[in-house]
Amino acid sequence: MRALICCVLAVLASGGVQAGPEEDRLALRKVYEDRFPGVPVEAHKDGVYAIDESARAQWQEIEEFPPYEIAVDAGEALFTEPFPDGAGFADCFDDGAVKARYPLFDEAQSTVVTLEMAINACRTSHGATAWANDAPELTNLVAYMAFISRGQIIAVALPASTAALAAYEAGKQFYMARRGQLNFACKSCHVQLVGNLLRAERLSASVGQVTHWPVYRFKWEEVGGLHLRFQECNSQVGAEPFELQSEPYRNLEYFLSYIANGLPLNGPATRK
Amino acid sequence: MRQCLPTLCLASLLLAGCAADPAESARLAVEKASSLHAQSIQAGYPWRESKRRLAAAETALAAGDYAAAQTEAEVAAALAQASLDQAAAEANASKTQFPFAQ
Numbered sequence: 001m002r003a004l005i006c007c008v009l010a011v012l013a014s015g016g017v018q019a020g021p022e023e024d025r026l027a028l029r030k031v032y033e034d035r036f037p038g039v040p041v042e043a044h045k046d047g048v049y050a051i052d053e054s055a056r057a058q059w060q061e062i063e064e065f066p067p068y069e070i071a072v073d074a075g076e077a078l079f080t081e082p083f084p085d086g087a088g089f090a091d092c093f094d095d096g097a098v099k100a101r102y103p104l105f106d107e108a109q110s111t112v113v114t115l116e117m118a119i120n121a122c123r124t125s126h127g128a129t130a131w132a133n134d135a136p137e138l139t140n141l142v143a144y145m146a147f148i149s150r151g152q153i154i155a156v157a158l159p160a161s162t163a164a165l166a167a168y169e170a171g172k173q174f175y176m177a178r179r180g181q182l183n184f185a186c187k188s189c190h191v192q193l194v195g196n197l198l199r200a201e202r203l204s205a206s207v208g209q210v211t212h213w214p215v216y217r218f219k220w221e222e223v224g225g226l227h228l229r230f231q232e233c234n235s236q237v238g239a240e241p242f243e244l245q246s247e248p249y250r251n252l253e254y255f256l257s258y259i260a261n262g263l264p265l266n267g268p269a270t271r272k
Numbered sequence: 273m274r275q276c277l278p279t280l281c282l283a284s285l286l287l288a289g290c291a292a293d294p295a296e297s298a299r300l301a302v303e304k305a306s307s308l309h310a311q312s313i314q315a316g317y318p319w320r321e322s323k324r325r326l327a328a329a330e331t332a333l334a335a336g337d338y339a340a341a342q343t344e345a346e347v348a349a350a351l352a353q354a355s356l357d358q359a360a361a362e363a364n365a366s367k368t369q370f371p372f373a374q
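In order, the protein sequence lines correspond to chains A and B.
Taking the working numbering, I'd label the letters of the first sequence as residues 1 to 272.
Taking the working numbering, I'd label the letters of the second sequence as residues 273 to 374.
No lab work stands behind these hints, which were simulated from the structure alone.
Nothing here was measured: the structure is a model prediction, and the numbers come from that model.
If a hint is listed, it holds; no wrong ones were tucked in.
Below, in silico cross-link-like pairs of lysine-lysine (DSBU-like), each with a Cα-Cα straight-line distance of 30 angstroms or less:
#1 Lys-272(A) with Lys-30(A)
#2 Lys-304(B) with Lys-323(B)
#3 Lys-272(A) with Lys-323(B)
#4 Lys-219(A) with Lys-272(A)
#5 Lys-323(B) with Lys-219(A)
Based on the sequences and whatever the hints tell you, model everything.
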């Protein structure tokens, strides 16, 4: 009896059993299944348009003549442009339909590698200079690669090493931690208050938040990447945002991509 | 002791004079705010308003507006300290079960 009490106390003292990535993913799917009965989890690839009928109708009208098409065309031209050594992006990415492979944890570099990083690594390995992380060329090329990757299912590998798991946990920690003067965490809006209105905007589910990037946002009047949205979210709660492609954002992307496993890619997209 | 008294009086007067120097006081306040803000960056929890107030304090100090520099620096320091408190409170957030932790 005494041993049993000791065990219970030990578990309580340790703060409970820490969930692994797959437990996290399943737990989060259940949250959305319970919160939005009748809406398949995969439907959250469309973000808020999965749960807001009137906004969905407007969005579908916009998608008939999508404003991101120009970025896709520009990206296609960039994809076929040769590097100084005569090679091209096809030498690194085959036909370019590789969006579902990223982000990945690179064991050699011991860091999360995003598609943007891989594109710049490809450029520098062939004698070209790396694009700035906010360069339109980089966003346009990702838009093209996202476009031809549409329909691919996100399948981020289970973090296999201690370092990969640490990166996942860092992303999860970022997602769960309250920050900024408003003291909001990502999960405050996208898990606990999901589906509610924040002023006139309905809050989307986090499970589909990585499927459709880059995005043409009317607010931005241009196509921008996922990390730009992270920066915007951080700013909105009064936190000083991190740099595009910084380690905290890459870890966050890794975490969000893992929990989106099983959802199809449908980028680029249009958002308000 | 009686012999030391004039020296001690002079020293305390000098110290009081230094502490009352608005330029030095503002510089110290900006330095403190800058240090706290740097710590909040290192902790990964910097706040925008803290950065903005610190920049305003530095600008005011450079312009010789010591009163404004002092005020802005004190606000910046308070905000930076609040962000550090937030960082400390959130340090163990992921140790609780996802996604229900508060």
